[in-house]
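Letter by letter, the chains look like this.
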Amino acid sequence: DGGITQSPKYLFRKEGQNVTLSCEQNLNHDAMYWYRQDPGQGLRLIYYSQIVNDFQKGDIAEGYSVSREKKESFPLTVTSAQKNPTAFYLCASSKGRTPEAFFGQGTRLTVV
Amino acid sequence: GDSVTQMEGPVTLSEEAFLTINCTYTATGYPSLFWYVQYPGEGLQLLLKATKADDKGSNKGFEATYRKETTSFHLEKGSVQVSDSAVYFCALGLYSGGGADGLTFGKGTHLIIQP
Chain Z
1 DGGITQSPKY LFRKEGQNVT LSCEQNLNHD AMYWYRQDPG QGLRLIYYSQ IVNDFQKGDI
61 AEGYSVSREK KESFPLTVTS AQKNPTAFYL CASSKGRTPE AFFGQGTRLT VV
Chain X
1 GDSVTQMEGP VTLSEEAFLT INCTYTATGY PSLFWYVQYP GEGLQLLLKA TKADDKGSNK
61 GFEATYRKET TSFHLEKGSV QVSDSAVYFC ALGLYSGGGA DGLTFGKGTH LIIQP
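If you're matching them up, the sequences are chains Z and X in order. In this text, residue positions in the first sequence follow this note's numbering: the first is 1, and each later residue adds one. In this text, residue positions in the second sequence follow this note's numbering: the first is 1, and each later residue adds one.
It is possible that part of the hints are untrue.
[To be verified] Some chain Z residues flagged as far from chain X (calculated, every beta-carbon gap over 10 Å): (1) G2; (2) Q6; (3) S7; (4) R13; (5) Q17; (6) S22; (7) N28; (8) E62; (9) G63; (10) S65; (11) S67; (12) R68; (13) K71; (14) T86; (15) E100.
[What the hints assert, rightly or not] As a list, the in silico DSS-like pairs of lysine-lysine whose alpha-carbon atoms are at most 27 Å apart: (16) X:K60 / Z:K70; (17) X:K107 / Z:K57; (18) Z:K95 / X:K52; (19) X:K52 / X:K107; (20) X:K107 / Z:K95; (21) Z:K95 / X:K60; (22) X:K107 / Z:K9; (23) Z:K83 / X:K107; (24) Z:K95 / Z:K71; (25) X:K56 / Z:K95; (26) X:K68 / X:K56.
[To be verified] In silico contact screen, one side only, chain X against chain Z (beta carbon under 8 Å); selected entries: (27) G43; (28) L44; (29) K49; (30) G93; (31) L94; (32) A100; (33) D101; (34) L103; (35) F105; (36) G108.
Just so you know, these hints were derived from the structure itself, not from any lab. Just so you know, even glycine gets a beta-carbon here, dropped at the ideal spot from N, CA and C.
I would like the entire structure built from these sequences, with the hints used as guidance.
Below, the structure written as structure tokens:
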């Protein structure tokens, strides 16, 4: 079945460490997105990519980095510069010419 | 900038009650509108959508009509079930010509249905 796979589901990180969240899709979608979800704040866009080897900052890109070397993959790195990284991270994809997005199951990151 | 405002919960109803969750939006262009649902610990699932004025999206007994004159997209269901308990997000999306550049979400409404 086609879909979006995020791994791991739960991730613990020590302060000062970088960590990379995985997102893979087999929907043949051109566009991919990363959102951050905090309680009571809805979802906020971190980065998005409309095509391989190209990506743009979203509303809250500081302290994060991404790459898009393959159409299927859009990993997110949470760097030590991100001041408050504990959150639920959601990856999504769309056909690119429509804004309708399909979401993965999320990764819950906790800084300990 | 673009924004979505939806009623914040929690909203608590009894089973078989009528549901309305209000959603209004502000957008610079002509957006598509969406309702997503999130169950605990999971990602978001698309519930329904509408792409132009007066379109009605519907799915699983839920409905919402794209009202351009009132910039609204209220979610309704005639008779809710305990299994409808979840968080509901209203969202808008714009196609910029170069491609879709992400959705703008409301803060979510936590719906609790009591038996």
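Hint check:
no.: 1; hint: G2; in the structure: holds (14 Å)
no.: 2; hint: Q6; in the structure: violated (8 Å)
no.: 3; hint: S7; in the structure: holds (13 Å)
no.: 4; hint: R13; in the structure: holds (19 Å)
no.: 5; hint: Q17; in the structure: holds (24 Å)
no.: 6; hint: S22; in the structure: holds (14 Å)
no.: 7; hint: N28; in the structure: holds (15 Å)
no.: 8; hint: E62; in the structure: holds (17 Å)
no.: 9; hint: G63; in the structure: holds (18 Å)
no.: 10; hint: S65; in the structure: holds (17 Å)
no.: 11; hint: S67; in the structure: holds (18 Å)
no.: 12; hint: R68; in the structure: holds (13 Å)
no.: 13; hint: K71; in the structure: holds (14 Å)
no.: 14; hint: T86; in the structure: holds (16 Å)
no.: 15; hint: E100; in the structure: violated (6 Å)
no.: 16; hint: X:K60 / Z:K70; in the structure: violated (36 Å)
no.: 17; hint: X:K107 / Z:K57; in the structure: holds (21 Å)
no.: 18; hint: Z:K95 / X:K52; in the structure: holds (19 Å)
no.: 19; hint: X:K52 / X:K107; in the structure: holds (23 Å)
no.: 20; hint: X:K107 / Z:K95; in the structure: holds (25 Å)
no.: 21; hint: Z:K95 / X:K60; in the structure: holds (24 Å)
no.: 22; hint: X:K107 / Z:K9; in the structure: holds (23 Å)
no.: 23; hint: Z:K83 / X:K107; in the structure: holds (22 Å)
no.: 24; hint: Z:K95 / Z:K71; in the structure: holds (12 Å)
no.: 25; hint: X:K56 / Z:K95; in the structure: holds (22 Å)
no.: 26; hint: X:K68 / X:K56; in the structure: holds (12 Å)
no.: 27; hint: G43; in the structure: holds (4 Å)
no.: 28; hint: L44; in the structure: holds (4 Å)
no.: 29; hint: K49; in the structure: holds (6 Å)
no.: 30; hint: G93; in the structure: holds (2 Å)
no.: 31; hint: L94; in the structure: holds (6 Å)
no.: 32; hint: A100; in the structure: holds (4 Å)
no.: 33; hint: D101; in the structure: holds (6 Å)
no.: 34; hint: L103; in the structure: holds (6 Å)
no.: 35; hint: F105; in the structure: holds (4 Å)
no.: 36; hint: G108; in the structure: holds (5 Å)
Hint violations for this structure: numbers 2, 15, 16, all remaining hints satisfied.
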